[in-house]
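Dock chain B with the ligands against chain A, hints included.
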Amino acid sequence: MTAVWHYISLIFRLLIRIVTAPVWLPFWIVWWLFEKTGINRLIVKVAMALGLYLVFKNLTRKPLRLFLTMFATFVAFLIYGTLSTFESAIDAGVELSADDRLIVVNKINFTQPLPISYVNRVKGLENLTDVTHLNWFGGYYQDPQNFMAMFAVDEDTFLTVYNEIVLTPEERQDWLGSRQGLIAGKSIADQYGWKVGDRIPINSNIFSKADGSTSWEFDVVGIYTGTDAQTDTSSVYFHYDYFNETQSFGRDFIGFIGVRTVDPAMNEGVIKAIDDLFANTPYETETVPEKVFNQAFIEQIGNLSLILGSVVFAAFFIILVIVGNSMVLAIRERTGEIGVLKTLGFKSTRIFFMILAESLLLAIFSGALGLLATSLAVVAVNQAPIQLPVLVLTPAIIIEALVIMIGLGLVTGILPAVNALRLNIIAALSRQ
Amino acid sequence: MAALFDLKNVAKSFVKGKEKITIFEDLNMEIEEGDFVAIMGPSGSGKTTLLNMLGGVDQPTGGEVWFDGARIDKLSEGQLAKWRANNVGFIFQFYNLMPMLNAARNVELPLLLTRLGSKQRTKNVMTALKLVELEDRAKHMPNEMSGGQQQRVAIARAIVSDPKLLLCDEPTGDLDRATADEILKTLQLLNTEFNKTIVMVTHDPAAAKYAKRTLHLDKGEFVEAEQAA
Ligand SMILES: Nc1ncnc2c1ncn2[C@@H]1O[C@H](COP(=O)(O)OP(=O)(O)OP(=O)(O)O)[C@@H](O)[C@H]1O
Ligand SMILES: [Mg+2]
Chain A
1 MTAVWHYISL
11 IFRLLIRIVT
21 APVWLPFWIV
31 WWLFEKTGIN
41 RLIVKVAMAL
51 GLYLVFKNLT
61 RKPLRLFLTM
71 FATFVAFLIY
81 GTLSTFESAI
91 DAGVELSADD
101 RLIVVNKINF
111 TQPLPISYVN
121 RVKGLENLTD
131 VTHLNWFGGY
141 YQDPQNFMAM
151 FAVDEDTFLT
161 VYNEIVLTPE
171 ERQDWLGSRQ
181 GLIAGKSIAD
191 QYGWKVGDRI
201 PINSNIFSKA
211 DGSTSWEFDV
221 VGIYTGTDAQ
231 TDTSSVYFHY
241 DYFNETQSFG
251 RDFIGFIGVR
261 TVDPAMNEGV
271 IKAIDDLFAN
281 TPYETETVPE
291 KVFNQAFIEQ
301 IGNLSLILGS
311 VVFAAFFIIL
321 VIVGNSMVLA
331 IRERTGEIGV
341 LKTLGFKSTR
351 IFFMILAESL
361 LLAIFSGALG
371 LLATSLAVVA
381 VNQAPIQLPV
391 LVLTPAIIIE
401 ALVIMIGLGL
411 VTGILPAVNA
421 LRLNIIAALS
431 RQ
Chain B
1 MAALFDLKNV
11 AKSFVKGKEK
21 ITIFEDLNME
31 IEEGDFVAIM
41 GPSGSGKTTL
51 LNMLGGVDQP
61 TGGEVWFDGA
71 RIDKLSEGQL
81 AKWRANNVGF
91 IFQFYNLMPM
101 LNAARNVELP
111 LLLTRLGSKQ
121 RTKNVMTALK
131 LVELEDRAKH
141 MPNEMSGGQQ
151 QRVAIARAIV
161 SDPKLLLCDE
171 PTGDLDRATA
181 DEILKTLQLL
191 NTEFNKTIVM
201 VTHDPAAAKY
211 AKRTLHLDKG
221 EFVEAEQAA
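Order-wise, the sequence lines are chains A and B. Residues 1 to 432 (the working numbering) make up the first sequence, in order. Residues 1 to 229 (the working numbering) make up the second sequence, in order.
The shape of chain A in the complex, shown without the other chains (with noise of 0.2 angstroms):
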């Protein structure tokens, strides 16, 4: 949970990362492989046996174009895989929500706080299995600019209504045991380079302590992973009551409530028990599940998937009008091969698939490329020592990007396959 801003100085990062070096690199690598191994060698092969032979002829008669055209459709592929998983990663904080799991905020604004004795009277409530409290922290590492998603909590019954958080066995013990002890995310933890053991500083941007100072010390006792591979890892965690000692704003405020309810299908009976119960007081509460909160809050981020939506729009519509016009190029360059050819006895039908089949297997080898390129480029997102949702590549994104090739491949090759259906052998013949 961050805020707008961020996320969007993080498309900027990653469309930087996406114009640089990296990009080419895979591209020749998989080149000079396809070279030493003799790939291109059978992928000639499995041509000639599926009758393609001369379309991919036709495909390589012109290296400087094709690798032209391949790149800028390997690049759009990248520059659309890699917004994918991105977007794939943001829409997963709501898609990985538990679906039983409701957060309990103030009426007016969920940044006002709740009486802590609230969390008891929750508890009270039937149908629900868990209550726990959070509070925001506005916890920053050395640089003001260097914020994170840190949160004071309650230590045991944290990790059981948010159970996608893994630590070892001897880290939740520490945990549990300790008093300044805190939990990192993995991303987090790698991209400050915290270890197990550390003992650091933490400066908040919102709370203080009686003498003034904003820092807290803190004992980093674990490491949290995920269940699921795109869980955030990029959050911080610490124990309520050393917060609430500490800290100098008036005592025991929480600022929201997480609760698990034995069901789904409870949720809406346990939202207005909740929500009932605290009506007419001066601290009225929301409930509201949270997949919906999350949804909100991502919404607060501006239209995000419209924004990488277009992005992704811009550089296919480009590539359509590259790829289109080079192949009408390339195919009115070759009209009186054309009439050759149906000279010959080739029928215009199977010179309109050579065609198409020409143009699909362009975009599907560079989109591939692209798709391959991506997956490298995860990886190295993923291991980068940045603060970055976890990015997966995706079967549903693969998919997606599978149907985009086969489309383009189609749109770019269908004007030039048709005039050289409709082409006349005569008129063909004596243009040459």
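It should be emphasised that the hints constitute simulated quantities derived from the structure, not laboratory data. Among the clues, some could well be false.
[Said to hold, decoys possible] If you only want the chain A side, here are some residues facing chain B, beta carbon under 8 angstroms, derived: (1) 58; (2) 337; (3) 342; (4) 345; (5) 426.
Quick reminder that beta carbons are idealized off the backbone N, C-alpha and C, glycines included.
Here is chain B with the ligands on its own, set in the frame of chain A:
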């Protein structure tokens, strides 16, 4: 025995805008199987147009074209394509080889329209190349060969699927005398030894001498002048 080709009252005209250009009004001709016909005539007299109609790449606007006892002037585009693949080999003035394919692959093209497997295709290709004495150039690209060699590859391509008919439009128009003679000798050999029926358009009287007879086309009509081969 019926003639291989029988043209009956063939008419051909082009409509260009409002103008109607008539090339043939009432053309009649027969070509026997095994014949070698040279067609001569001034530029614009309709030689190429006639050859196109014989080869089934163009259709007459009137009359009938019979080949081997069947009418071909009313066939659909797809049927004509199949008919050409089965019956006609084409040899053009500018060879018209595919620049990205080597000699053997160029010769193989018509065989891609047959059911032959790749081994058999290769065998047939080499036979055809041997006939034009180019078996050692099988792997050469068109731009690595002389005009005469390219035309011989084109001849190999025309005969590889063993059609009855060869149609040649100025096959030696772009070649020097000596090379032209070689090409013409090859055509003559195909006519005499392999019984190919050949119709050849040419401007060159020396080339026409290789044919069994020469037809003179002028203003849409034949002025026949029989000649011994
Ligand atoms: N598609 C067409 N549309 C209109 N007129 C055409 C077309 N094709 C040929 N013609 C005309 O028909 C006439 C005969 O053309 P054709 O190409 O058959 O002549 P040719 O005897 O082969 O001449 P050349 O010796 O120069 O090759 C010419 O006047 C030509 O302009
Ligand atoms: Mg002509």
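Quick one, is the residue 426 (chain A) hint okay against chain B at 8 angstroms, beta carbons? 6 angstroms, holds
A closest beta-carbon separation below 8 angstroms is what the hint needs, so does residue 345 (chain A) meet it against chain B? 3 angstroms, holds
Hey, does the residue 337 (chain A) contact hint survive, CB to chain B under 8 angstroms? 6 angstroms, holds
Hint validation: residue 342 (chain A) versus chain B, beta carbon distance must be below 8 angstroms. Holds or violated? Holds - the Cβ of residue 342 (chain A) comes within 8 angstroms of chain B, reaching about 7 angstroms at its closest.
Interface restraint verdict for residue 58 (chain A) against chain B (beta-carbon cut-off 8 angstroms): 7 angstroms, holds
Violated hints: none; the structure is consistent with every hint.
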